[in-house]
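Residue numbers (the working numbering), protein chains in the order written: chain Y, 1 to 349; chain S, 1 to 349.
Because the hints were derived from the structure by calculation, they are not lab data.
Please note: incorrect hints may appear among the correct ones.
Just so you know, same-sequence chains aren't split out, so a pair can sit in one copy or run between any two.
Calculated pairs, BS3-like style, for lysine-lysine (alpha carbon to alpha carbon, straight line, at most 27 Å) [claimed, not checked]:
no., residue 1, residue 2
1, Lys243, Lys227
2, Lys210, Lys286
3, Lys227, Lys168
4, Lys156, Lys168
5, Lys189, Lys210
6, Lys286, Lys227
7, Lys156, Lys329
8, Lys286, Lys338
9, Lys328, Lys227
10, Lys227, Lys329
11, Lys227, Lys283
12, Lys107, Lys227
13, Lys189, Lys283
14, Lys65, Lys189
15, Lys286, Lys329
16, Lys137, Lys338
17, Lys329, Lys65
Protein chains: 2
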Amino acid sequence: MRPHLSRSKRLRLSLLSVFAAIALARVHAPIQLSAQVDPLPAWNEGAARTAIMAFVQATTDPASKDFVPPPDRIATFDQDGTLWVEHPMYTQVVYCLDRVPALVRAKPQLANTEPFKTVLTGNLEAVARLPVPELQKILVATLTGMSVDQFQTQVKLWIDSARDRRWKRPYTDLKYEPMIEVLNFMRAKGYRTYIVTGGGQDFVRVFADKAYGIPPEQVVGTASGTKFEYGENGEPYLLKAPKLLLNDNNAGKPEGIHLMIGRQPHAAFCNSTGDRQMLEYTKAGKGRRLAVLILHDDATREYAYGPAQGLPETRVGVFPQALYDEAKKGGWVVVSMKNDWKRIFAFEP
Amino acid sequence: MRPHLSRSKRLRLSLLSVFAAIALARVHAPIQLSAQVDPLPAWNEGAARTAIMAFVQATTDPASKDFVPPPDRIATFDQDGTLWVEHPMYTQVVYCLDRVPALVRAKPQLANTEPFKTVLTGNLEAVARLPVPELQKILVATLTGMSVDQFQTQVKLWIDSARDRRWKRPYTDLKYEPMIEVLNFMRAKGYRTYIVTGGGQDFVRVFADKAYGIPPEQVVGTASGTKFEYGENGEPYLLKAPKLLLNDNNAGKPEGIHLMIGRQPHAAFCNSTGDRQMLEYTKAGKGRRLAVLILHDDATREYAYGPAQGLPETRVGVFPQALYDEAKKGGWVVVSMKNDWKRIFAFEP
Numbered sequence: 001m002r003p004h005l006s007r008s009k010r011l012r013l014s015l016l017s018v019f020a021a022i023a024l025a026r027v028h029a030p031i032q033l034s035a036q037v038d039p040l041p042a043w044n045e046g047a048a049r050t051a052i053m054a055f056v057q058a059t060t061d062p063a064s065k066d067f068v069p070p071p072d073r074i075a076t077f078d079q080d081g082t083l084w085v086e087h088p089m090y091t092q093v094v095y096c097l098d099r100v101p102a103l104v105r106a107k108p109q110l111a112n113t114e115p116f117k118t119v120l121t122g123n124l125e126a127v128a129r130l131p132v133p134e135l136q137k138i139l140v141a142t143l144t145g146m147s148v149d150q151f152q153t154q155v156k157l158w159i160d161s162a163r164d165r166r167w168k169r170p171y172t173d174l175k176y177e178p179m180i181e182v183l184n185f186m187r188a189k190g191y192r193t194y195i196v197t198g199g200g201q202d203f204v205r206v207f208a209d210k211a212y213g214i215p216p217e218q219v220v221g222t223a224s225g226t227k228f229e230y231g232e233n234g235e236p237y238l239l240k241a242p243k244l245l246l247n248d249n250n251a252g253k254p255e256g257i258h259l260m261i262g263r264q265p266h267a268a269f270c271n272s273t274g275d276r277q278m279l280e281y282t283k284a285g286k287g288r289r290l291a292v293l294i295l296h297d298d299a300t301r302e303y304a305y306g307p308a309q310g311l312p313e314t315r316v317g318v319f320p321q322a323l324y325d326e327a328k329k330g331g332w333v334v335v336s337m338k339n340d341w342k343r344i345f346a347f348e349p
Numbered sequence: 001m002r003p004h005l006s007r008s009k010r011l012r013l014s015l016l017s018v019f020a021a022i023a024l025a026r027v028h029a030p031i032q033l034s035a036q037v038d039p040l041p042a043w044n045e046g047a048a049r050t051a052i053m054a055f056v057q058a059t060t061d062p063a064s065k066d067f068v069p070p071p072d073r074i075a076t077f078d079q080d081g082t083l084w085v086e087h088p089m090y091t092q093v094v095y096c097l098d099r100v101p102a103l104v105r106a107k108p109q110l111a112n113t114e115p116f117k118t119v120l121t122g123n124l125e126a127v128a129r130l131p132v133p134e135l136q137k138i139l140v141a142t143l144t145g146m147s148v149d150q151f152q153t154q155v156k157l158w159i160d161s162a163r164d165r166r167w168k169r170p171y172t173d174l175k176y177e178p179m180i181e182v183l184n185f186m187r188a189k190g191y192r193t194y195i196v197t198g199g200g201q202d203f204v205r206v207f208a209d210k211a212y213g214i215p216p217e218q219v220v221g222t223a224s225g226t227k228f229e230y231g232e233n234g235e236p237y238l239l240k241a242p243k244l245l246l247n248d249n250n251a252g253k254p255e256g257i258h259l260m261i262g263r264q265p266h267a268a269f270c271n272s273t274g275d276r277q278m279l280e281y282t283k284a285g286k287g288r289r290l291a292v293l294i295l296h297d298d299a300t301r302e303y304a305y306g307p308a309q310g311l312p313e314t315r316v317g318v319f320p321q322a323l324y325d326e327a328k329k330g331g332w333v334v335v336s337m338k339n340d341w342k343r344i345f346a347f348e349p
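Model the full assembly from the supplied sequences, consistent with the hints where possible.
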């Protein structure tokens with residue numbers, strides 16, 4: 001087994017922040033928005049909206065000098081913090097912790113074995129104090145060792161039933177309406193939209209089609225290997241193996257894009273330092289390119305963290321001042337959730 | 001660097017067979033075939049043609065019990081020996097050997113260093129006798145160590161100018177016309193066609209779109225990792241690293257399909273023992289599935305090898321009797337190139 005440090009570090013960091021202020025928000029029925037006239041109705045007028053619209057117009061108009069032929073129209077989207085809420089804890093980490101009781105039911109001896117013993121106490125502060133190799137065991141035990149089919153079934157059951165703590169809603173309700181509009185708008189203009197996530201590729205594939213309209217083959221994520229095996233009756237299946245194939249964070253994002261897509265994206269939408277290389281790679285391509293950084297600066301409607309308005313960074317979605325400076329210097333588009341998004345969630349009034 | 005045994009073994013085996021009978025064939029101008037009425041005009045009437053047509057009809061007719069929704073219509077195709085000629089030596093191996101002189105011009109000290117010294121003699125029998133680790137050095141030196149862009153440029157120049165020894169034609173002319181018809185037919189019926197090759201993913205991506213109508217993101221192959229780097233002026237690029245990410249042979253084929261596509265194919269077209277697990281994986285899916293094995297049994301128009309008519313196996317495209325037996329037992333479709341293909345190449349009269 002190869003080390004799995006980066007995700008574990010993220011796990012640990014995110015666990016450390018699990019006690020961040022969690023406020024209950026009002027729960028409302030979803031409202032369908034018509035996009036027949038304005039493709040981005042959840043966006044306020046402003047520089048960010050204008051830049052996105054102008055980019056899509058220029059790259060899809062055959063008369064434009066910036067025209068991009070349809071096969072090259074690739075747009076990549078980070079998931080956590082870009083398409084849905086990542087605060088106070090990555091959703092996949094919640095999944096892994098939630099899986100532990102079932103794991104212990106199947107193997108009762110784990111109840112007295114670390115790190116599972118600590119997880120079962122429900123004391124997340126104690127969980128966060130576990131050494132990294134112990135935290136890795138939780139990931140390995142909950143994300144590998146089963147067939148691909150079994151894993152997909154487990155995740156599907158969970159994603160359909162689990163509720164987040166703040167909004168008391170399915171996690172897939174916590175997708176950002178303005179970003180769903182961007183996905184739909186760009187697809188309508190001939191772009192193929194890919195998720196490029198530090199999260200697990202197999203995890204995100206389970207719900208990406210339903211949640212975002214993104215099919216499995218357009219989800220690039222951190223991937224463990226699989227092992228082709230034969231079952232009791234000789235039937236072949238793929239076993240999820242505890243072997244890291246692709247750590248889809250930082251430099252792993254452009255590397256994963258090359259492996260899985262083989263084309264340099266024309267647009268990338270992101271929100272944290274783990275996306276830096278993907279944004280740089282996107283902007284480095286010839287012709288007009290779009291790099292978008294989303295700033296979490298809305299403490300009321302979502303969360304505020306990062307370098308905006310002098311807010312302290314959190315441990316999730318790290319966004320240091322240096323990234324902000326690079327964005328400004330490199331002509332990246334910085335989106336303020338507070339100012340640029342009229343509506344954040346579809347369920348808002 | 002991780003070991004690269006399987007491809008090197010294949011390289012060695014293919015080099016051993018490089019002196020297999022090479023006969024010159026007539027060279028004729030390409031003829032355009034109309035497929036307006038019959039989608040498979042290069043196929044003779046017979047069980048194989050009927051089975052392929054019936055499968056496509058049944059899985060794309062909404063009234064059929066075997067109907068497959070468009071997003072799930074995935075068909076995978078091995079390349080060497082399935083879409084184009086693999087005998088007497090894999091085309092990519094020819095490329096690697098052809099690159100050695102340029103390599104030595106760039107680094108003259110290599111001229112007196114093995115294995116490059118032996119390759120420069122042009123004595124392929126001697127090349128074939130080199131130990132496997134030495135042969136690996138040729139692969140590493142010619143397939144890694146340059147940027148992705150540089151590699152693509154090198155392969156493109158080569159594929160446009162190199163000629164095979166028997167037909168004196170570009171290698172991409174040696175694609176099988178009946179298989180091009182199958183690709184076009186299935187795509188017209190809503191299938192997405194993927195190459196799943198033991199050959200190099202980056203190598204095949206350079207010409208797959210032009211040769212087969214298959215875009216880079218639909219080429220799954222043996223893949224080395226890349227490394228995100230910055231050039232002299234700070235510009236980001238991807239360096240091809242000597243690290244094997246995916247050995248897309250044998251069990252690596254279904255594993256690669258899961259990594260890159262995330263769906264079980266409904267149809268797979270193959271020709272050798274390295275495809276066995278992909279065929280089994282395809283057939284193991286629910287509903288109607290199609291597994292096709294192509295038998296190289298036409299010594300006159302192409303090559304004859306494998307278990308047909310008691311022919312000895314060659315070192316390329318290994319196809320033992322056991323695979324033939326599994327095909328017969330498992331309801332796979334076996335295609336005889338001699339009997340089922342009216343025309344093998346587009347350039348035939």
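How the hints compare with the structure:
no.: 1; hint: Lys243 <-> Lys227; in the structure: both (10 Å within a copy, 19 Å between copies)
no.: 2; hint: Lys210 <-> Lys286; in the structure: between (33 Å within a copy, 22 Å between copies)
no.: 3; hint: Lys227 <-> Lys168; in the structure: neither (37 Å within a copy, 42 Å between copies)
no.: 4; hint: Lys156 <-> Lys168; in the structure: within (18 Å within a copy, 55 Å between copies)
no.: 5; hint: Lys189 <-> Lys210; in the structure: both (20 Å within a copy, 24 Å between copies)
no.: 6; hint: Lys286 <-> Lys227; in the structure: between (39 Å within a copy, 20 Å between copies)
no.: 7; hint: Lys156 <-> Lys329; in the structure: neither (42 Å within a copy, 36 Å between copies)
no.: 8; hint: Lys286 <-> Lys338; in the structure: neither (32 Å within a copy, 48 Å between copies)
no.: 9; hint: Lys328 <-> Lys227; in the structure: between (45 Å within a copy, 26 Å between copies)
no.: 10; hint: Lys227 <-> Lys329; in the structure: between (45 Å within a copy, 25 Å between copies)
no.: 11; hint: Lys227 <-> Lys283; in the structure: between (36 Å within a copy, 17 Å between copies)
no.: 12; hint: Lys107 <-> Lys227; in the structure: within (23 Å within a copy, 40 Å between copies)
no.: 13; hint: Lys189 <-> Lys283; in the structure: within (20 Å within a copy, 37 Å between copies)
no.: 14; hint: Lys65 <-> Lys189; in the structure: within (17 Å within a copy, 35 Å between copies)
no.: 15; hint: Lys286 <-> Lys329; in the structure: within (18 Å within a copy, 53 Å between copies)
no.: 16; hint: Lys137 <-> Lys338; in the structure: neither (38 Å within a copy, 56 Å between copies)
no.: 17; hint: Lys329 <-> Lys65; in the structure: within (24 Å within a copy, 58 Å between copies)
Of the numbered hints listed earlier, those contradicted by the structure are 3, 7, 8 and 16.
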